[in-house]
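Those protein sequence lines, which keep their order, are chains A and B.
Just so you know, the first sequence maps onto residues 37 to 409 in my numbering.
Just so you know, the second sequence maps onto residues 175 to 297 in my numbering.
Read the hints as simulated data drawn from the structure, not as lab findings.
All C-beta atoms in this analysis are idealised placements derived from N, C-alpha and C, irrespective of residue type, glycine included.
There may be inaccurate statements among the hints.
What the hints assert, rightly or not - Facing chain B, according to a computed beta carbon distance under 7 Å, are these residues of chain A, among others:
no., residue
1, Gly260
2, Gln330
3, Pro331
4, Ser357
5, Leu358
As the list claims (entries may be wrong) - Heads up, incomplete: computed chain B residues facing chain A, CB under 7 Å, no partners named:
no., residue
6, Ala204
7, Asp207
8, Val209
9, Phe210
10, Val232
11, Asp237
12, Arg291
What follows is the residue order along each chain.
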Amino acid sequence: MDSSENLEKLPLDSWHRARGGRMVPFAGYEMPVQYEGIMAEHLWVREHAGLFDVSHMGQLLFHGPDIDRALESLLPGDLLALKDGRLRYSMLLAEDGGIIDDLMATRRGDHFYLVVNGATKHGDIEHFERRLPRTIAMDHMREQSLLALQGPKAVDALEAIVPGVGELSFMQAGVFHWNGKPLWISRSGYTGEDGFEISVSGRDVEAVADALVADDRVKPIGLGARDSLRLEAGLPLYGHDLDCDTTPVMADLIFAIGKRRRGEGGFAGALRIMAELDGGPAQKRVGLLVDGRQPVREGALILDSEGSEVGRITSGGHSPSLGRPIAMGYVATALAEAGTALTLEQRGKLFQATVAPMPFVPHRYHRKQGAVA
Amino acid sequence: MSLYFTKEHEWVRVEGDVATVGISDHAQEALGDIVFAEVPEGGKVVAKGDDAAVVESVKAASDVYAPVGGEVVEGNAALADDPSLINRDPEGEGWFFKLKLSDPSELGGLMDEVAYREWVATL
Numbered sequence: 037m038d039s040s041e042n043l044e045k046l047p048l049d050s051w052h053r054a055r056g057g058r059m060v061p062f063a064g065y066e067m068p069v070q071y072e073g074i075m076a077e078h079l080w081v082r083e084h085a086g087l088f089d090v091s092h093m094g095q096l097l098f099h100g101p102d103i104d105r106a107l108e109s110l111l112p113g114d115l116l117a118l119k120d121g122r123l124r125y126s127m128l129l130a131e132d133g134g135i136i137d138d139l140m141a142t143r144r145g146d147h148f149y150l151v152v153n154g155a156t157k158h159g160d161i162e163h164f165e166r167r168l169p170r171t172i173a174m175d176h177m178r179e180q181s182l183l184a185l186q187g188p189k190a191v192d193a194l195e196a197i198v199p200g201v202g203e204l205s206f207m208q209a210g211v212f213h214w215n216g217k218p219l220w221i222s223r224s225g226y227t228g229e230d231g232f233e234i235s236v237s238g239r240d241v242e243a244v245a246d247a248l249v250a251d252d253r254v255k256p257i258g259l260g261a262r263d264s265l266r267l268e269a270g271l272p273l274y275g276h277d278l279d280c281d282t283t284p285v286m287a288d289l290i291f292a293i294g295k296r297r298r299g300e301g302g303f304a305g306a307l308r309i310m311a312e313l314d315g316g317p318a319q320k321r322v323g324l325l326v327d328g329r330q331p332v333r334e335g336a337l338i339l340d341s342e343g344s345e346v347g348r349i350t351s352g353g354h355s356p357s358l359g360r361p362i363a364m365g366y367v368a369t370a371l372a373e374a375g376t377a378l379t380l381e382q383r384g385k386l387f388q389a390t391v392a393p394m395p396f397v398p399h400r401y402h403r404k405q406g407a408v409a
Numbered sequence: 175m176s177l178y179f180t181k182e183h184e185w186v187r188v189e190g191d192v193a194t195v196g197i198s199d200h201a202q203e204a205l206g207d208i209v210f211a212e213v214p215e216g217g218k219v220v221a222k223g224d225d226a227a228v229v230e231s232v233k234a235a236s237d238v239y240a241p242v243g244g245e246v247v248e249g250n251a252a253l254a255d256d257p258s259l260i261n262r263d264p265e266g267e268g269w270f271f272k273l274k275l276s277d278p279s280e281l282g283g284l285m286d287e288v289a290y291r292e293w294v295a296t297l
């Protein structure tokens, strides 16, 4: 993979190091895996507010005639019905229905703004360039940084410096200003907590990060806690829980396929995906509560009561909030019911586990009463 | 009593013919929050270099090797309920196991404390 001299530096690189960030290679960048410790950072986000630098992620802007319809050829979400300033979780699909990436798509005036994963952004861009009509223009916003502020105190901390953001409801976004600098802010994130994602110019990101951590409720949080938080929230991580061999139905992400689209089709992989919606997929992503204390991690085998392999763990580890090991993985659909007892095998050792509903830790998104997500 | 270290960041404290083994402060710092430890039970015989224990942090699993050979006298039972002892007191209460040395000459290849601390400072 990348040798260290090929790694890119984030605009906040020296900011992370000055705060004790332990830098590791991730998605082609040097990124902070932790500051004071993953466990403390994880619990801080669940109780207060954490600031994550997710500037490695790809921020893409699309425009052109019928941009919503054009993107609907590759994404299974109902983008025609998406209102201005609203965002939706979606996926870039291959023609066979496999997931090339998962992403957030926002209607932003006559544009669409997409946030894609850092490790996959260059491949995504090639897909969009090759598969969208020539009339669609795409801008990779390389100079934009992305911060996420997550946790129950995120709204108070951000409202204190950017008045008005508290009016946003979950999956709503808009332009705000801080010290005269424009910020694109959405009420979204990947921890299961209420929170915001802030797109800001790389020139201004350090000043915004300083202003946020000047608030006692906010601490910088590394990638390690980001991973354990999203696992507790039951949210899949691309390259681990999702890849080109999984479909949205297998991944239990049916909510991201619009109702109209399920009837009409007309998106990449629709034939296979609609067949899986009708007949059920061969395998399905499930959550697992693992007995004992030892973490069972990605790559462990999942066995049925006969000892036959019925799937694999795709993410797993210690849950700081629950104080026990949790995991997600794919199993034969017949074994995907909550409560099903399964055996896991890791480095020759067997573990007992039970299929559990996800999220493991309840989501606390800020949904306005009566509003549709 | 003498204290030795290995390049794998284990420490060995020798009293008579019994050696207590654990991981160094540098090792616990590098591992981060420790959430699980599995130590050998009394009676198990290990040779120098064998996998003797397992330690897992939030991020990863690591093996702990026997820095010297012998018969395990006792594993640290306190680690099962509170593996974070290893983070809090790695070179004291967070010890892993004690063993009866089978060949005290194996201690000769290990670093003393001063040499280890100096070497770690260069890492």
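Structure-based check of each hint:
1. Proximity of A/Gly260 to chain B holds as hinted, the smallest CB-CB distance being about 6 Å (cut-off 7 Å).
2. Below 7 Å, beta-carbon pairs count as interface contacts, and A/Gln330 has one with chain B at about 5 Å; its hint therefore holds.
3. Because the beta carbon of A/Pro331 sits about 6 Å from the nearest beta carbon in chain B, less than 7 Å, this interface hint is met.
4. Taking 7 Å as the C-beta cut-off, the interface hint given for A/Ser357 is violated, the closest approach to chain B being about 12 Å.
5. The beta carbon of A/Leu358 is not positioned within 7 Å of any beta carbon in chain B (closest approach about 12 Å), and the interface hint is therefore violated.
6. Interface restraint check: B/Ala204 against chain A, minimum CB-CB distance 9 Å, threshold 7 Å, status violated.
7. At a threshold of 7 Å, the smallest CB-CB gap from B/Asp207 to chain A is about 4 Å, leaving the interface hint in force.
8. The restraint placing B/Val209 at the interface with chain A holds, with a minimum CB-CB distance near 4 Å, inside the 7 Å limit.
9. Evaluation of the B/Phe210 hint against chain A yields a held restraint, the C-beta minimum of about 5 Å falling below 7 Å.
10. The interface hint given for B/Val232 holds, since its Cβ lies 4 Å from the closest Cβ of chain A, which is under the 7 Å cut-off.
11. Because the beta carbon of B/Asp237 sits about 10 Å from the nearest beta carbon in chain A, more than 7 Å, this interface hint is broken.
12. Checking B/Arg291 against chain A by beta carbon gives a least distance of about 21 Å; that is not within 7 Å, so the hint is violated.
The earlier numbered hints that this structure contradicts are 4, 5, 6, 11, 12.
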